[in-house]
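Colleague: Throw the hints in and build the complete structure from the sequences for me.
One line per chain: the protein sequences are A and B, in this order. Here full-length UniProt numbering is used: the first residue of the first sequence is 1, the next is one more, and so on. Here full-length UniProt numbering is used: the first residue of the second sequence is 1, the next is one more, and so on.
Hints were generated in silico from the structure; no laboratory data involved. Quick caveat, the model's predicted, so the values are computed rather than measured. A hint or two may mislead.
Just so you know, same-sequence chains aren't split out, so a pair can sit in one copy or run between any two.
Calculated pairs, SDA-like style, for lysine to any residue (alpha carbon to alpha carbon, straight line, at most 25 Å) [as the list claims (entries may be wrong)]: (1) K330 / P110; (2) K328 / Q119; (3) K23 / P38; (4) K23 / V34; (5) K330 / N42; (6) K330 / A317; (7) K175 / P27; (8) K23 / K330; (9) K295 / I131; (10) K175 / K330.
Protein chains: 2
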Amino acid sequence: MTGWQHIAGQDDLNLDLIHRAEKLIAPYIMNTPVLRSPELDNSSGARLFFKCENLQHTGAFKFRGAIHALLNLTAAQRKAGVYTVSSGNHGAALAAAGRILNISVQVAVPTNAPSVKKQNIAQNGADIIEIEPGMAAREAFVAANQQQSERIFIPPYNHPLIMAGQGTAALELVKAVPELQVLMSPLGGGGLLSGTAMVGHSQNMAVFGVEPELANDAWLSLQAGSIQSARPPISICDGLLTNLGDHTFPIIQNYVDAVLLVSEDEVIVAMQQLWQALKVIVEPSAATVFAAVCKYPEHFSGKAVGLILSGGNLDVACLPWPVTRLEKAK
Amino acid sequence: MTGWQHIAGQDDLNLDLIHRAEKLIAPYIMNTPVLRSPELDNSSGARLFFKCENLQHTGAFKFRGAIHALLNLTAAQRKAGVYTVSSGNHGAALAAAGRILNISVQVAVPTNAPSVKKQNIAQNGADIIEIEPGMAAREAFVAANQQQSERIFIPPYNHPLIMAGQGTAALELVKAVPELQVLMSPLGGGGLLSGTAMVGHSQNMAVFGVEPELANDAWLSLQAGSIQSARPPISICDGLLTNLGDHTFPIIQNYVDAVLLVSEDEVIVAMQQLWQALKVIVEPSAATVFAAVCKYPEHFSGKAVGLILSGGNLDVACLPWPVTRLEKAK
Chain A
1 MTGWQHIAGQ DDLNLDLIHR AEKLIAPYIM NTPVLRSPEL DNSSGARLFF KCENLQHTGA
61 FKFRGAIHAL LNLTAAQRKA GVYTVSSGNH GAALAAAGRI LNISVQVAVP TNAPSVKKQN
121 IAQNGADIIE IEPGMAAREA FVAANQQQSE RIFIPPYNHP LIMAGQGTAA LELVKAVPEL
181 QVLMSPLGGG GLLSGTAMVG HSQNMAVFGV EPELANDAWL SLQAGSIQSA RPPISICDGL
241 LTNLGDHTFP IIQNYVDAVL LVSEDEVIVA MQQLWQALKV IVEPSAATVF AAVCKYPEHF
301 SGKAVGLILS GGNLDVACLP WPVTRLEKAK
Chain B
1 MTGWQHIAGQ DDLNLDLIHR AEKLIAPYIM NTPVLRSPEL DNSSGARLFF KCENLQHTGA
61 FKFRGAIHAL LNLTAAQRKA GVYTVSSGNH GAALAAAGRI LNISVQVAVP TNAPSVKKQN
121 IAQNGADIIE IEPGMAAREA FVAANQQQSE RIFIPPYNHP LIMAGQGTAA LELVKAVPEL
181 QVLMSPLGGG GLLSGTAMVG HSQNMAVFGV EPELANDAWL SLQAGSIQSA RPPISICDGL
241 LTNLGDHTFP IIQNYVDAVL LVSEDEVIVA MQQLWQALKV IVEPSAATVF AAVCKYPEHF
301 SGKAVGLILS GGNLDVACLP WPVTRLEKAK
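Modeller: What follows is the structure, given as structure tokens:
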């Protein structure tokens with residue numbers, strides 16, 4: 001038998017697991033910088049501290065969870081190799097982590113994944129298998145692999161070891177900025193937010209997750225008290241289209257103050273403002289948090305707010321705002 | 001009498017002055033991160049360490065020199081206020097430094113300066129005076145101010161205190177990455193490169209400056225043995241259009257191994273590659289160094305190379321490569 005359930009560390013996510021993850025992955029990850037902007041502070045009315053996981057290896061926080069999962073494999077599991085299904089950042093992160101630890105990685109990629117994200121996976125040395133988009137094809141692929149392969153499935157978010165790895169970003173942030181009163185992260189499958197919430201809650205900070213109105217499955221899930229799907233989940237935020245999982249949902253229920261919704265237009269405006277002011281490239285998913293700060297001042301005004309900028313993987317020749325051509329000299 | 005010549009620290013630039021600058025400005029500046037990219041290492045054949053001065057306060061290394069100059073003013077000079085002439089990054093840096101130290105700042109800006117850079121100056125609280133482009137209007141403005149105002153002139157690069165401040169970026173870089181064999185910086189007026197060269201030379205590293213072919217005044221100056229102008233200096237690299245000064249030229253003559261020239265097209269390609277791989281926004285001037293690494297492998301192949309990314313101030317809605325529209329979900 002193979003499968004993610006056979007990775008060590010099956011307990012629920014807890015703060016100690018995040019602290020242990022931090023020590024374990026420290027030699028491999030970048031303790032990413034925390035940036036500030038007087039201009040964005042002024043325009044938002046809050047004191048904003050941006051944790052730049054877009055500058056993390058492979059351009060997203062996903063590398064933290066991926067390397068943490070692989071570091072917890074047994075020698076036999078390492079030898080068998082791993083696989084996952086990912087439309088982008090998790091796949092690239094797992095590929096890079098596998099290369100560093102000399103573990104074979106296979107990534108099933110939906111045919112509609114952004115080409116930059118596919119390239120990112122391939123450049124990091126993983127084998128790519130194309131599958132149809134959607135949960136059905138994904139589950140069929142995983143089921144087939146579990147029967148036919150010795151490889152270990154490394155899920156993108158719904159596992160305590162992955163969630164603990166993602167939580168180390170928040171841990172670094174609160175250590176760097178002890179005066180924080182609020183923590184925020186984007187919310188897709190809930191891996192990043194659950195780790196962030198566990199850390200924020202332990203320090204008596206308010207914690208918010210942000211998701212697109214058009215992929216509001218987590219918001220619906222909290223309303224309903226059970227995991228819901230947004231159908232169809234569509235958004236420019238291609239990293240936030242997944243549903244919650246049975247590991248991430250209860251953490252978010254218990255430790256997140258609220259899920260805030262932002263529109264596509266609000267994400268685009270926020271993304272351009274972040275590029276212009278911070279001089280870093282964030283993908284749409286990452287811009288949701290700043291969009292929410294601007295939209296819901298009642299939660300943030302006058303406060304010290306930590307925002308996790310989750311990733312920066314997109315094609316810089318394909319942008320969601322109108323761009324004129326800067327002419328070169330002749 | 002007023003004028004830059006009355007700032008303390010008239011000695012020539014030396015390594016000790018840079019070390020003292022580092023201590024003095026440390027509480028005010030950001031020790032900017034050093035980024036790496038396996039992808040850019042692969043494509044260049046060198047090991048590249050990017051010092052991200054685009055993430056420095058006000059988006060450029062210029063803040064280092066500006067705050068260093070102001071910290072060396074007497075109490076009377078601080079009270080009188082300061083002024084400068086700048087098409088962008090130095091003006092914004094001086095404005096921000098003045099605001100922090102409660103010193104009044106006036107910036108004369110050529111009418112052809114990029115509007116984003118003008119905004120950056122105004123946002124940081126300086127008084128802006130528009131003047132005609134070109135050295136003549138600039139010199140007339142300074143001469144008039146010296147007669148009519150008690151304000152101190154803070155030059156953009158041609159002063160040991162400014163050069164020492166800029167050299168602290170290289171000092172931080174070589175401390176963070178002791179194995180460096182080569183240091184590189186863009187070359188405009190020579191403030192950044194002279195500080196960088198002094199630091200690199202002290203560690204037996206090769207040092208290269210990079211300038212655009214269309215603004216090759218420093219390259220011409222080294223050939224001629226005296227300061228030359230490129231006429232007219234035109235380039236997409238709006239930060240590199242100035243001539244060398246009598247303080248920067250001799251340092252560059254003595255401590256820089258070579259000035260490398262890059263074309264406008266090479267700058268644009270390098271800039272897009274840096275955005276895509278590093279997830280940071282660099283302006284054209286800053287991309288020159290990576291363009292040179294790709295163009296002149298004989299100097300860099302197989303070596304550990306430190307590149308100073310000088311700044312990131314540009315309008316992200318006006319880019320030098322073709323951009324298609326990423327459509328939002330509806």
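Colleague: Against this structure, judge whether each hint is valid.
Modeller: Evaluated hints:
1. For the homomeric pair K330 and P110, the shortest alpha-carbon distance between copies (21 Å) is at most 25 Å, but the shortest distance inside one copy (44 Å) is not.
2. Within a single copy, K328 and Q119 get their C-alpha atoms only as close as 29 Å, which misses the 25 Å cut-off; across copies the closest is 22 Å, which meets it.
3. In this assembly of identical chains, the alpha carbons of K23 and P38 lie at most 25 Å apart only when taken from different copies (24 Å versus 33 Å within one copy).
4. In this homomeric assembly, K23 and V34 come within 25 Å of each other (Cα to Cα) both inside a single copy, at 20 Å, and across copies, at 22 Å.
5. For the homomeric pair K330 and N42, neither the shortest alpha-carbon distance inside one copy (39 Å) nor that between copies (31 Å) is at most 25 Å.
6. Taking identical chains as interchangeable, the C-alpha atoms of K330 and A317 lie at most 25 Å apart whether they share a chain (23 Å) or sit on different chains (22 Å).
7. Both within a single protomer and between protomers do K175 and P27 lie at most 25 Å apart by alpha-carbon distance, with minima of 18 Å and 19 Å respectively.
8. When the C-alpha separation of K23 and K330 is checked against a cutoff of 25 Å, the pair qualifies neither within a copy, at 53 Å, nor between copies, at 43 Å.
9. For a Cα distance limit of 25 Å, the shortest separation of K295 from I131 qualifies neither inside one copy, at 37 Å, nor across copies, at 40 Å.
10. Taking identical chains as interchangeable, the C-alpha atoms of K175 and K330 are never at most 25 Å apart, the minima being 50 Å within one chain and 40 Å between chains.
In terms of the numbered hints stated before, the structure departs from hints 5, 8, 9, 10, listed from lowest to highest.
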